[in-house]
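Under this note's numbering, the first residue of the sequence shown is numbered 20, with each subsequent residue one higher.
Calculated directly from the structure, the hints in this document are not laboratory data.
A portion of the hints provided could be inaccurate.
[To be verified] Label pairs and their computed distance ranges (CB to CB): (1) M20 <-> D125: 40 to 50 Å; (2) P300 <-> D125: 34 to 44 Å; (3) S23 <-> E155: 16 to 26 Å; (4) G160 <-> S279: 38 to 48 Å; (5) D213 <-> S23: 32 to 42 Å; (6) D170 <-> S23: 38 to 48 Å.
Glycine included, each C-beta is placed from N, C-alpha and C at the ideal position.
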Amino acid sequence: MASSLRDLVPEQEPASVAEGFEFTEGPVWHPDGYLLFSDIPANTIYRYTPGGGPEPFLSPSGNSNGLTFDRQARLLACEHGGRRVSRMAPRMDRGMEMVSLVGHYDGKRLNSPNDLVVHSGGSIFFTDPPYGIDPEPGEQGFNGVYRLDPDGSITLLNRDMNRPNGLAFALDESILYVDDSRNRHVLAFPVNSDLSVGQPSVLVDMDVAERGGPDGMKVDRDGNLYITGPGGLWVITPAGEHLGTIEFPQLPANLCFGGSDYQTIYVTARAGLYSIQVNAPGNAVF
20 MASSLRDLVP EQEPASVAEG FEFTEGPVWH PDGYLLFSDI PANTIYRYTP GGGPEPFLSP
80 SGNSNGLTFD RQARLLACEH GGRRVSRMAP RMDRGMEMVS LVGHYDGKRL NSPNDLVVHS
140 GGSIFFTDPP YGIDPEPGEQ GFNGVYRLDP DGSITLLNRD MNRPNGLAFA LDESILYVDD
200 SRNRHVLAFP VNSDLSVGQP SVLVDMDVAE RGGPDGMKVD RDGNLYITGP GGLWVITPAG
260 EHLGTIEFPQ LPANLCFGGS DYQTIYVTAR AGLYSIQVNA PGNAVF
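With the hints as extra help, turn the sequences into a complete structure.
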């Protein structure tokens, strides 16, 4: 078990991978050796292959935010503009398009799905704050955490968070971590056998002087959490101990593990994309 930040992250300056974007988010690594990430205001998903430069992958993207892959390696996206969770699928003309998986709950439009994670059983867990529709209040009347099952049914898991945002599973999927950006803390929800969730506890409180709130979140293969938050990238043990914060030239928004050994962390930070090297590999998406 790590006892210090340097056990997990060697001393280094973050490397600048690319700059000049509007607001980057949602990075995800494909094992074929490339990174996808969103530029929300630019309405574009970019593809980056190490050794090259970022190139547009999908535009328009529905102002996508969080991205991931399902268990069949299909791209999933949380769309602010589309106010839906979508999945990439072939078109009749042999191109590709994003097809809606869910855009409503209880007959009302979702707010603006923000981030998502896929359970080993295929269910998609996602958050639905109002960032993409502010200052409009939305139709739901709350900001929810949801589960979308493979049969297409949607279940509301929690409606009591202020601004649910990034989320991740513990290694054994017994805990769902969800951060609340407005309340500046990360909650740990026990996951039941039917994939409902129990009452949460606060894993880590980020209500500190530095600017920013918890946003993106990933877990390494030892169960440590890496969370973009006030002042930079927070490194947290499974017990909730804050080992330290890694600073970047711009305030980070989200992250993912990548590279052939999953020991590179790619960080989306406002107008830039950065990387750092770590000692503990991250979990592959699938």
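Violating hint indices (sorted, rising): 3
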